[in-house]
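Guided by the hints, dock chains W, E and U onto chain B, whose structure is given.
Chains as they are written, first to last, in full-length UniProt numbering: chain B, 1 to 345; chain W, 1 to 345; chain E, 1 to 345; chain U, 1 to 345.
Because the hints were derived from the structure by calculation, they are not lab data.
Be aware that a few hints might be false.
Each pair may be met inside one copy or between any two copies, as identical chains are not told apart.
To be verified - Listed below are the simulated SDA-like cross-link pairs for lysine to any residue, each with C-alpha atoms no more than 25 Å apart in a straight line:
id, residue 1, residue 2
1, Lys-4, Ala-141
2, Lys-189, Leu-275
3, Lys-189, Pro-134
4, Lys-189, Arg-47
5, Lys-4, Gln-85
6, Lys-189, Glu-113
7, Lys-4, Gly-41
8, Lys-264, Ala-59
9, Lys-189, Ala-44
10, Lys-4, Glu-334
11, Lys-189, Gln-277
12, Lys-189, Gly-205
13, Lys-264, Ser-254
14, Lys-189, Arg-61
15, Lys-4, Thr-28
16, Lys-264, Gln-277
17, Lys-189, Tyr-204
18, Lys-4, Ala-92
19, Lys-4, Ala-111
20, Lys-189, Leu-51
21, Lys-189, Ser-42
Quick caveat, the model's predicted, so the values are computed rather than measured.
4 protein chains.
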Amino acid sequence: MTIKVAVAGASGYAGGEILRLLCGHPRTLAGELEIGALTAGSNAGTRLGDLHRNLFPLADRILEETTPEVLAGHDVVFLGLPHGQSAAIADALPPSTLIVDCGADFRLEDADEWTTYYGGEHAGTWPYGMPELPGNREIVAGATRIAVPGCYPTVSILTLLPALLAGLVEPTVTIVAMSGTSGAGRSPKVNLLAAEVLGSVRAYGVGGTHRHTPEITQALSRAADMPVAVSFTPVLVPTTRGILATCTARTSASIDEFRVAYEKAYDGEAFVNLLPQGEFPETGSVLGTNMVSIGLSVDERSGTFVAIGAVDNLTKGTGGAAVQSMNLALGWGEGEGLPIVGVAP
Amino acid sequence: MTIKVAVAGASGYAGGEILRLLCGHPRTLAGELEIGALTAGSNAGTRLGDLHRNLFPLADRILEETTPEVLAGHDVVFLGLPHGQSAAIADALPPSTLIVDCGADFRLEDADEWTTYYGGEHAGTWPYGMPELPGNREIVAGATRIAVPGCYPTVSILTLLPALLAGLVEPTVTIVAMSGTSGAGRSPKVNLLAAEVLGSVRAYGVGGTHRHTPEITQALSRAADMPVAVSFTPVLVPTTRGILATCTARTSASIDEFRVAYEKAYDGEAFVNLLPQGEFPETGSVLGTNMVSIGLSVDERSGTFVAIGAVDNLTKGTGGAAVQSMNLALGWGEGEGLPIVGVAP
Amino acid sequence: MTIKVAVAGASGYAGGEILRLLCGHPRTLAGELEIGALTAGSNAGTRLGDLHRNLFPLADRILEETTPEVLAGHDVVFLGLPHGQSAAIADALPPSTLIVDCGADFRLEDADEWTTYYGGEHAGTWPYGMPELPGNREIVAGATRIAVPGCYPTVSILTLLPALLAGLVEPTVTIVAMSGTSGAGRSPKVNLLAAEVLGSVRAYGVGGTHRHTPEITQALSRAADMPVAVSFTPVLVPTTRGILATCTARTSASIDEFRVAYEKAYDGEAFVNLLPQGEFPETGSVLGTNMVSIGLSVDERSGTFVAIGAVDNLTKGTGGAAVQSMNLALGWGEGEGLPIVGVAP
Amino acid sequence: MTIKVAVAGASGYAGGEILRLLCGHPRTLAGELEIGALTAGSNAGTRLGDLHRNLFPLADRILEETTPEVLAGHDVVFLGLPHGQSAAIADALPPSTLIVDCGADFRLEDADEWTTYYGGEHAGTWPYGMPELPGNREIVAGATRIAVPGCYPTVSILTLLPALLAGLVEPTVTIVAMSGTSGAGRSPKVNLLAAEVLGSVRAYGVGGTHRHTPEITQALSRAADMPVAVSFTPVLVPTTRGILATCTARTSASIDEFRVAYEKAYDGEAFVNLLPQGEFPETGSVLGTNMVSIGLSVDERSGTFVAIGAVDNLTKGTGGAAVQSMNLALGWGEGEGLPIVGVAP
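For reference, chain B alone in the conformation it holds in the complex:
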């Protein structure tokens, strides 16, 4: 049987990354996965090769309009749409269609938080496509609707999770996360122009205002089984891809206790790399991969635990997690088609 896959929002970076991964997926090469409709909004009618010049095998595909009719008849539909547009599409497709949403619409459980951070009405909550969370792998495997985590939440949660699960830190965490600019999407804005970004480092969404804050808080509070206060500061750096999350919390535990907790939490996880003691990750080493690479430290003088996590925001942070969730939901090998060796240097 051939699984037919559509990508809605194929002109954006999330859509492009999903297509990059699907092109190299072993099921595609074996003829078991077929890349079907590719849709867009204002870019409908455009040749894909004019938008994603790296997708050589799909260069002559023409983007169609994002409508339920075009997306019907596919086994899997990936959504890479601006927030607020996923529900209408999902409602119009059969419940049996596997829908993997890279947008924010179905990530939050608390309707008030949704309204506070995104405005408008909450569309609902779908299974959260982060199989590394306790108990979550089975939920994703059985789902036909999956909400792919945000890029900052992916690295922030996975870098802090075991510390909170094991109760080794105070429930107040400070996360400063530096991201390449592909995370800001492909809409042309002056402050994302290369001339503004190159040679400069800029904080934005300071003071808890970034929309990924409640998503991080939700997952960490569940892990800690108590409310966790999250100070989250995103920073834009001059790279295309990659997020480095610097996570700090007060602790009286030893580094050995942390290592035990992390090794236990991530035992057998194919996409989490725990670095040897004293080493810390860089985003360059995970470029193009579905990996999260983590380094741990305890600063006894200031009484703090410092964990550093690195991720490719477009792969594990978006498109890779989407494909990982698809693999699980289709009963395929979870890691199929997901690179684990970075394109470095």
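Then chains W, E and U, alone, in the frame of chain B:
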């Protein structure tokens, strides 16, 4: 009278920046400041234009060896040497010679801290060349020995100082500071190669091990008049210059209280720019200047104060502070020759 | 007497660079130059500090609309407008007002070339603001209307000029010029987003279609006193500023003949730096300066002359040349306020 | 049967890239290819994960010394050594061992050219691992000694080859090629430090002195069946990977003639992408792939043909070509394990 200035360690980035500023200094243009001996270690004998290709007016100067004999006969001697080498030079020069040391040797007051972080014996403590600290301007103005602050400390201290002076935050601060790679100096190392740095973001010196940690702690503890616990994490980003410091501390004060404290602390300071509420700095806007640009925020949900500061690590972070100190000590206008408009974009 | 200066198009990169230079101009510091009206199109009404975050001294200025009324009453008006808009403004201002146009409208002498490359009707020809051209310094000094050269033409012409003046190369030249993205202006376009530009190098305007081609051809043909065929290929590289022009032409002359010709042509030119034999420039060394730095080579095996020139496209390539022209036209020192030491590294 | 593969010089960028590709090679995943000894010079004894932090699956491998004894017993040996060291290793291994040399030692046919450009004595000539050259695929397929082409030659030759094969241009070509800094290797040098490279563009090896010049000349002269004069200028740009070659030659042919020639020459070539007329490549779109992407143009005003080619210097430019050659020589599918979708943006 003409002031004759020497630069020891002229082949490095600190020395080069001092020369850049001296070339454009109005006293140089007026013939009142003369650039005398330029010295180096292994680069002695080299044409300056082969090392600092931006210093067109000095391109044909030949570097001499760094010895007391070569440096003698100058009114001002800037030192840009590896740590541990400044004391011997200083001891061999007359007490009346103004020595401005860009190295770390004379910054710390606590000899044990020196030994812990740098090894070997503490050389002593010189007036700290940060005129913006309470009471410090007068001390610097009257000194003939000045220790230029480190680059990370400059931006970290100035970004947090008023909050601690006013007692508005708990005495536990988290600083995550992203730096361009010129801060790591000019020695060739594999991990500083462009191929390793470009497209990547990397934390280093994690867990309180970076040598600038005790320097930050010293200044902030004095401001708070109590011990301040500092969690400091430096991050290397792919820019040549610039540090962005993200500083977080728990607070119950309001943003208005912080603004009052910062406006009071920096009233009349020519090199501190307090951004309007809701705006935050980027390193690009201070490129080549002696400015520190600061934005403030209170995140009420997590109970934290977040201040962001940006500085050019080579200008205000090193060479600019050195010239600022020289200006003060010579009785010239403090801001002479110090750019306040960034080279942007 | 105080000279009052307006900048029309102050929100763009050319306008911002002129303001950067005017802020540091000695006549401004002495109170002899006053920065008057700053105007914009869609950005009228905006605080300058929100657009050019590096212009700290002017941060609270509010942009006005670009109209003749607002610009009236100034001694000098700089124009940094999209092409086609300068003539109407110029016509509405008195002939005695010094107008320095950073746009393309008045650079070309041949009306057909204008129509071919820009479309529409030719507005006329103004004195060309490149004082380094033979006989041009006097023309600029006596003008009240000046057309600032394009950025690619500036570096291409100055890098090749002496070779053509001396008749040392065949009149067919190949120029490949790599530019930072500030040269493409500040309008938000997808292909100028940092995520598209970083880590990538891209040719554009290939095959003689770039609008700067006829401007280069015009100047080189005049220098050679015969038609010169110019193959010009611009390349976009991931830097904010800087153009490196690689210029090649067939020759049977020796490197010594070229050096004699270049030294003679640029004798006494403050803004042209001829590197020692065997050295070649990089854009980083001229960052923020009004310099053109040039290296020469003869490849005897292939029978070619290769000259490499570097320039900051926003300074000598636009705003610096504009201020240089203003200085000349006002009878001030030609180099006043124009940096000659690069911000490097 | 399992093919056992060794990599000598595994600590460098070429060795690292070969390992990246071998990790994802389908024969590795199927257990038919085994990664055996990994060797180095001064890095012998080091954990691979400390040198290539992207190679997660091989992180705990320890580098051995590069000796014939360590390399014996492997079916395939990749060499990524400084030039001059390959012959001794090759002589000590059995003739049946497939040796794929990423160095320059066996690329040139003319011993005098070798001595002129590299010094010392010529070691010999091996089959040239560029299957896209006429008649070369069969030679590589039958070889046990293969010389991998240089990175600049790969893109230069493939971008110009059909024009010269078809006799459409004069036999004098100008190539200006911009490269990321990984092409300069991993030895720490001041001029390759990020602080020197970022924000700057620099020509080097100007005037026909770069060692890749005779290699380009050799291939193009053979294609043209007459001596071709090559003016080659390499330029260093601030990216990690990627070369963009701008190739110019005088012509009186039409663009249609060129398109016919290129389509014929590259018909069926999996790794050559000919862009639609009017489009030109960027290095970002081929990042991490074995592709060469080419755009064509004729500038009728200047009478020149301009072809632009893009390649990833470490993949198709080194490690990818090495694996492609191995695939051919082992009778495997030529494209196995070689990415054709770029990691973009």
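Results of checking the hints against the structure:
1. Lys-4 x Ala-141: within (18 Å within a copy, 37 Å between copies)
2. Lys-189 x Leu-275: between (37 Å within a copy, 22 Å between copies)
3. Lys-189 x Pro-134: So Lys-189 and Pro-134 fail the 25 Å test inside a copy (39 Å) and across (42 Å) alike.
4. Lys-189 x Arg-47: Both: 23 Å inside a copy, 18 Å across copies.
5. Lys-4 x Gln-85: The answer is within: 22 Å in one copy meets 25 Å, while 52 Å across copies does not.
6. Lys-189 x Glu-113: neither (27 Å within a copy, 33 Å between copies)
7. Lys-4 x Gly-41: within (21 Å within a copy, 49 Å between copies)
8. Lys-264 x Ala-59: between (44 Å within a copy, 20 Å between copies)
9. Lys-189 x Ala-44: Both, since 21 Å and 18 Å are each at most 25 Å.
10. Lys-4 x Glu-334: within (18 Å within a copy, 28 Å between copies)
11. Lys-189 x Gln-277: between (41 Å within a copy, 22 Å between copies)
12. Lys-189 x Gly-205: Intra 16 Å, inter 23 Å, cutoff 25 Å: intra and inter.
13. Lys-264 x Ser-254: Within. Shortest intra-copy distance 16 Å satisfies the 25 Å Cα cut-off; inter-copy 42 Å does not.
14. Lys-189 x Arg-61: between (27 Å within a copy, 23 Å between copies)
15. Lys-4 x Thr-28: within (10 Å within a copy, 28 Å between copies)
16. Lys-264 x Gln-277: For Lys-264 and Gln-277, the Cα distance is within 25 Å only inside one copy (16 Å; across copies 45 Å).
17. Lys-189 x Tyr-204: Both: 15 Å inside a copy, 21 Å across copies.
18. Lys-4 x Ala-92: within (18 Å within a copy, 53 Å between copies)
19. Lys-4 x Ala-111: Classified as neither: same-chain Cα gap 33 Å, cross-chain 57 Å, threshold 25 Å.
20. Lys-189 x Leu-51: both (17 Å within a copy, 13 Å between copies)
21. Lys-189 x Ser-42: both (16 Å within a copy, 15 Å between copies)
The structure shown violates the earlier hints numbered 3, 6 and 19.
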